[in-house]
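A.B. asks: For reference, the chains in residue letters:
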Amino acid sequence: MAQFLAQTSLSGLAPELALAALVCATLMAGLPASGRRYWKLIGPLGALCAFALALTTVPAVEAPGLIRVDGLSIGWQLLIFLAAVPFALLLRGEDEVPTALMLGSLLGMGLLASAGNLLMLFIGLEFMSLPAYLLVARGARRAPAREAAMKYFFAGGTGGSLFLFGLALYYAAGRTLAFSASTGPMAEAGLALMGVGALFKVGAFPFHFWLPDVYESADPELAGFLSTSMKAAAVLLLMRVAALSPHSGFVRCLPWVGGVTALFGALLALRQQRLQRLLAYSSISHAGNVILGVGAWAALGAVPGEASSIYYYLAAYLFMSNGAFLFLRQTGLRERCEVTGLSRRDAPGALLFAVLLLALGGIPPTAGFLAKLLIFWEAIKAAAYGPVILAGAAALASLGYYLGLVRQMYLDEPLPAQAAAPARPGDRFGSIILAACAAPAAVLGLAPWLIGVFSRLLSP
Amino acid sequence: MQRIPGGFAFLPWPVILLFAAPVAALLVSFFIVRPARPRWTHVPILASCAVIAACAIWILSLVLFQNWGLDLPLGGWMVAGDWLVSYGVRVDGLSASVLAMVSIVGGLIHVYASGYMAEDPGFARFFLAFHLFFLAMIGLLLSNSYIQLYLFWELVGFASYLLIGFWWQKKTARRAALQAILTNRLGDFGLFLAALILLAVFHNTRFALIFPAIVNGHYALVSLVGFLLFWAATAKSAQFPLYFWLPDAMEGPTPVSALMHAATMVTAGVFLLARSWPLISTVPVLPDLIAVVGAFTAIAAGIVACAKKDLKRILAYSTVSHLGIMVFGLGLGEVAPAVYHLITHGFFKAVLFLCAGNIAHGLHQPTADLDQVGGLRKKMPFTFVCFTVAALSLGGIWPFAGYFSKDAILDAALHRGPWAIVAGVLIGVTSALYIFRMLFLTFFGPSPRQKGGEHIHEAEPVMAVPVGFITLGTLLGGLLGHSFSTVIKSGWPVAQPIAALPEFSWSTFAVGMSAAAVGAGIAWVIAFVNPSFDWEWRTKYPALESALNSDFGWKPFVRLATAGVVALANAAGFFDHAVVDGAVEGAPRVAGAAGEQGRRLATGRINDYVWWMLAGAAVLLLAVMR
Amino acid sequence: MLSAIWAIPAAGGLLVLAAAGRWPAKRLALAVAVCVFALSLALPWAAGPEGLSSLAQAGPLWAYGIRYSVGLDGLSLVLVWLTAFLTVVSLLSAWKQELSAGFWASFLFLEAACLGVFLVRDLFFFYIFWEAVLVPMFFIIGLWGSENRRHAAMKFFLFTFFGSVFLLLGILALVTMHHSATGLWTWDMAVLRGPSSGRAAVVVFLALVVGFGVKIPLFPLHTWLPDAHTEAPAAGSIMLAGVLLKLGVYGLLRVALPAFPEVSWSLLPWLGLIAAINMIYGALCSMAQGDLKRLVAYSSVAHLGFCVMGILSRTPEGLAGGSLQLLNHGLSTGALFLLVGCLYERGHKRGLSDFGGLFAKAPWFTFFFGVAVFASIGLPGLNGFVGEFMSLAGMARVLPILAIAGVVGVTLAAGYALPAYQAVFWADPGPGSVSAKVTELDWREKSLMWTLTLLMLWIGLFPGTLLSLLDSSLRGLLL
Amino acid sequence: MTWAVWAVTGFLFACGAAMIVLRRQLLAMLMGLELMISAVNIALVYYCSRYADGETLASVLLIIAIAAAEAVVGLSLILKVYEAGREVETESLQELKG
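Chains as they are written, first to last, in the working numbering: chain A, 1 to 460; chain B, 1001 to 1626; chain C, 2001 to 2479; chain D, 3001 to 3098.
Watch out, some of these pointers could steer you wrong.
[Said to hold, decoys possible] DSSO-like mimics (lysine-lysine), calculated; alpha carbons at most 27 Å apart, straight line:
1) K1555(B) - K1170(B)
2) K1540(B) - K1309(B)
3) K1171(B) - K2349(C)
4) K2446(C) - K2349(C)
5) K2437(C) - K2361(C)
6) K1379(B) - K1171(B)
7) K2437(C) - K1170(B)
8) K1540(B) - K1170(B)
9) K2349(C) - K1170(B)
10) K2437(C) - K1171(B)
11) K1171(B) - K1555(B)
12) K1451(B) - K1379(B)
13) K2349(C) - K2361(C)
14) K1171(B) - K2361(C)
15) K1378(B) - K1309(B)
16) K1489(B) - K1309(B)
17) K1170(B) - K2361(C)
18) K1170(B) - K1378(B)
19) K1540(B) - K1451(B)
20) K2437(C) - K2349(C)
21) K3080(D) - K40(A)
Source of the hints: derived by calculation from the structure; they are not laboratory data.
All values reported here derive from a predicted model rather than from experimental measurement.
Let the hints inform the model, and build the full structure from the sequences given.
C.D. replies: Here is the structure:
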């Protein structure tokens, strides 16, 4: 332990430490009946505080031990904590438990981001997952939430076990748990199994089956959280695994996994009737793009500074996905047919949703456009032509439902019953957050200079 | 022939006026006169016709007496760097002589039309289109390059479309107009492509530049160009196989038939061949082909004309036949006689049509039938005289104009060989036969089957006088042969001059006159010896009748070909809808169905989810360890 | 200055939306469109002594060589004129209809996007504008079109996006290839060059061709066009045919051919074959249509074949003619759609058999329709001929056999246009005909048509000015 | 020795996986999960001793602790399911699908 402390400057762990403290504080604040008004603030405060601390963290130059604070970890922490803000602001529930769970999960993600060896990755993975199971289980609609949590748990447990198995194999091959390259069939197998653990968390085909169920039954804002913060952390996990050995068979397979996932998610989303499930599949499709990007990035040498395209994708997706799920929360829409003719009932809402959908679909000048462009570009640079074509087909197929929803809202006549029903006004607070998500999603595509900023951020 | 550098400044005023007058007249008529006084639309146009005629005669006399000529580029039309297609004017013997005929006949027919069309509600429209045609025809004759020629070639076709369909309420007129323009378009394919090829080979299509090059060199594609030009000419000049639009084009008003579909526009094809003769003569086989097609068309159309009853249709087939004669003559290598016949034919055929128009107008009908006329020589003496003069001219009777031109062609045929002799004689016989049959049945008799033109009256002066003047041309045209020989040689674009009209020869005279006499004799028999024969054979020999009615089976074939194109189009449309668009429409459905099937994978059971994960991990392991 | 050309309509569109209900949207939109048109006409005078190129501007260099930059040359200028002009025409063509502010704003957005495509010189922003075109058009078709509009709007968007995916991948590959060859990241159209041979170059070039080919549209990527044209409102069809189809050919000219001169040259027979199929097949399909708008739409397929054939020939006349044909098609087909729109506005039908004998009632209608029809079938003296002839003349110097196919296309053109013309204006009205509802053009429509007619005549007879404008810029681009 | 360790690890891991895939009882599946983690621990412990890597050996303890935490979370979830429907079979959790 002394060695561990000596190796790591505690300042690098500031966000995690703050989060840990806040988890304790939340649980304490829940004890007496007094102070109820304050613990509600702890969630957003914690996320923002962690964000600010991550922003001020200086990358550590010294040789990493269990903890490694490099550009990637800081960058991803920023992303993760920022993505959690909407969820933190909109947390529902009568007690402090969800806040604590969220902060705990964030703590796990932070640890994952700054992990310096494989074991820490595993610990971070479990740390962020366990509270998430419980968060899902506490969903507003009880029965589906229970079912989804159960599925999430077993799938997650299996994924964790596979990761662990891979860890053991890799350890056996390389004699160390540190991030170091090693070769041989055992290392390859270990890498692949660790990769499966990460791919499961990202939601790649065929490890994705839990994902639609969870996103569908979770509260929309939670789904937004899972699809952004959690996914970002999972992507980093994948990147760490892939970066171990850029010339491994796993990295070679990764773009194909990404392409297939992107297409699979897009195709399955086409005929979904429940909006959250549709967005879940769309999230799978986006995850496929990211995986493609990760594969390309790793194949190109896994240079941290060049992960900016993945980073941009996740940043864009942060706004788009949170925004889309928040829209569902604000309007209370569940079924796809309910959006028909929405533009006539709720013009601002329809506009926001349309912008978000077009962004998700990757139409310029939205953020989603530049995100896709960068990923495709990365893949082309890595000569992953087959996967990029799959991803291109996925982009086309995905427009089938994104644009289909726009069509429903704007072009189709509402059913008589719906036309009569007044739009359900969401709370003002949520609407502001929704707009705050939609605005960057709409215009970030015009900011290619962000790539340079991200690149500098991610370079150690 | 003097050559002058390009530019409008060097353009002599008669040439400028030839274009400026009709353009100005059209603009004034369209924008000023027509809105205000539609009935006066023709006034500026007639003035323009006078100017044109004067200029044309002036130019002709310059060419005749001073051997004057002009080939002037007038600045770029289509330009791309050093690639240039320019406007230009070419005045030489060929264009000046044809232009003189066109402007005189055309001007007079304009006058005639102002009487003929006076009652028509579309009076203004008629004159505008008619004069537009006139402008285009002048441009066509004065073009100095193939591309500009194509411009006006298309414009005359366009005007012809408008005028054939002038009475658009009539279904037959609409069909005829469409048929005319589509057939012409089919022929234009040849001219368009020829211009493209010449342009690609020579970077230019000016006659004055390419013909000497062609004559002095060998170019592979020139043969193709020759055939394409002939193809274009068959459509415009109504030769087999594309002749069929012309008889139907008689749906237009009579002045249109007279000016465009007899005297001038349809001769554009012959003009094109004459213009291109330096090119065509270098192409092996082509002149013979031209001669054969011309002779065949002339004879076949002549035979069909013998069986027609509608006055204008007889004349239409006669026009086809006479165009065939010109083409025949050209094919024999005799440019001068062919062009000479073009000019004389312009005169006498115009008279014939206008006389037929007078009759129809007298009957208050758009056209007249042999059944309705007969014995008109007393009721319409002036028309009778004019018609007779023109008919004698057409029949090739000395000393009318037609004799001289036809005789020159016959002379060439007689020197060519047996088949040409036979063809020449047959042409002479059929021409005389149908025109004398028409003359006898219309103006003599009436035979028992004819109504004899009840209530018919002689044409008003405004219609009679122009006819008289043109008839004068028919009478005198033959005397100008010598001058014509001088004119046509002037400004010929290649060094090898063309032959003048042949000298008079007794043998040719004898053959020609006896052929005409035979034809006239048969017509005599039909009309006077057995007056009801013309009506009876149709019922007696239905097979013959249907053969002649269907132009020996060619018309049904054309209908079949048209139906084929339509069927092809429908097939393309169906293919596009069912296959190409079907694939497009089907793709989203397939994707959706795939998505629907894919949903079955997610059964909802935890065990299956984990199973999928393990299976995926196994597959990935396999792929990695490979 | 140049950025203002596209920024003004974009801002104007926002203004129209924002001021909806307070100011009359259509007047505002028209004012903006007229301003833009006037500004575009003033562009040659705004240029410095070095010519149009002095108007070019470039922003700061962003990551990976992306840089906002605009430029102008003859080709762009002509197409900017066309766009600005047709926007005014299409706004005026819908003048009498009571439509929401969104309609008028959409046209301004559409104009902005199209102008942006023609002006920017950076592929990144090119692609942004390229895609941005889809959104307003989607709403124009989907909200204000006829019965089957929703399907058509979806089809339009998805099909063209299909092409855009290829385009995007092609652009990315091109940029990457250029980088690996020169070590330089750039998205500048003028600089980017692909490899001169090799399978990768062919694939990337074909990806670009497919991307642009959907918009052009090249066979067999054309089937979105009839549906979109048919269902769009008249004003939308004018823009669709007049401007949107030009984007594809412009892209070929500006991006695909300059980047891959050798590859495109070696593929010339195949691409030319497709262009020839476009002409002949388009004409045949057009003959088989019973709906006026569909007929005109398929005729566009045929006409764009000429443009492609011209520019493929890579000869001065082919390039100038092919690009002039863009303008020509914009004018004549724009005029046709305008008039068909007038018919539809009056009779609410579009079928050939729904009309007949309109000549008697509406002679001006007949006159202008005739002008447009004859211009589009290439009657010399009107604009269509010049473009067609020069395109084919270019091809005749390179691959005569394809030029022959082109001439067949010219011949066939009369076969679909004239029967339709006669059916509507000459033929006897059949049972169920709505001819009785059709009234003569009003002064607004007539003056629009006079303008178009005079332009067609001017280009038909004196295209020299425009041609030299186009030629000088294309010479630098491709010769 | 190595092969034997991997054989045992693999066998136990496979047994755990099979329990999750084949059993319908949630509790049995949870045991399978735990079995999988324990199986991996065997291999880890073996290699730690073989490489004389005390630090990693310590980390096995952490893994066991995490496995315990996982079991707690799993049990609480199962309990929730049980409270709601008195059934702890996967068949009762099949509403979400497609």
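A.B. asks: Decide, hint by hint, whether the structure agrees.
C.D. replies: Results for each hint:
| no. | hint | in the structure |
| --- | --- | --- |
| 1 | K1555(B) - K1170(B) | holds, 21 Å |
| 2 | K1540(B) - K1309(B) | holds, 17 Å |
| 3 | K1171(B) - K2349(C) | holds, 23 Å |
| 4 | K2446(C) - K2349(C) | holds, 21 Å |
| 5 | K2437(C) - K2361(C) | holds, 10 Å |
| 6 | K1379(B) - K1171(B) | violated, 33 Å |
| 7 | K2437(C) - K1170(B) | holds, 22 Å |
| 8 | K1540(B) - K1170(B) | violated, 33 Å |
| 9 | K2349(C) - K1170(B) | holds, 25 Å |
| 10 | K2437(C) - K1171(B) | holds, 23 Å |
| 11 | K1171(B) - K1555(B) | holds, 18 Å |
| 12 | K1451(B) - K1379(B) | holds, 13 Å |
| 13 | K2349(C) - K2361(C) | holds, 17 Å |
| 14 | K1171(B) - K2361(C) | holds, 18 Å |
| 15 | K1378(B) - K1309(B) | holds, 21 Å |
| 16 | K1489(B) - K1309(B) | violated, 41 Å |
| 17 | K1170(B) - K2361(C) | holds, 16 Å |
| 18 | K1170(B) - K1378(B) | violated, 33 Å |
| 19 | K1540(B) - K1451(B) | holds, 22 Å |
| 20 | K2437(C) - K2349(C) | holds, 11 Å |
| 21 | K3080(D) - K40(A) | holds, 25 Å |
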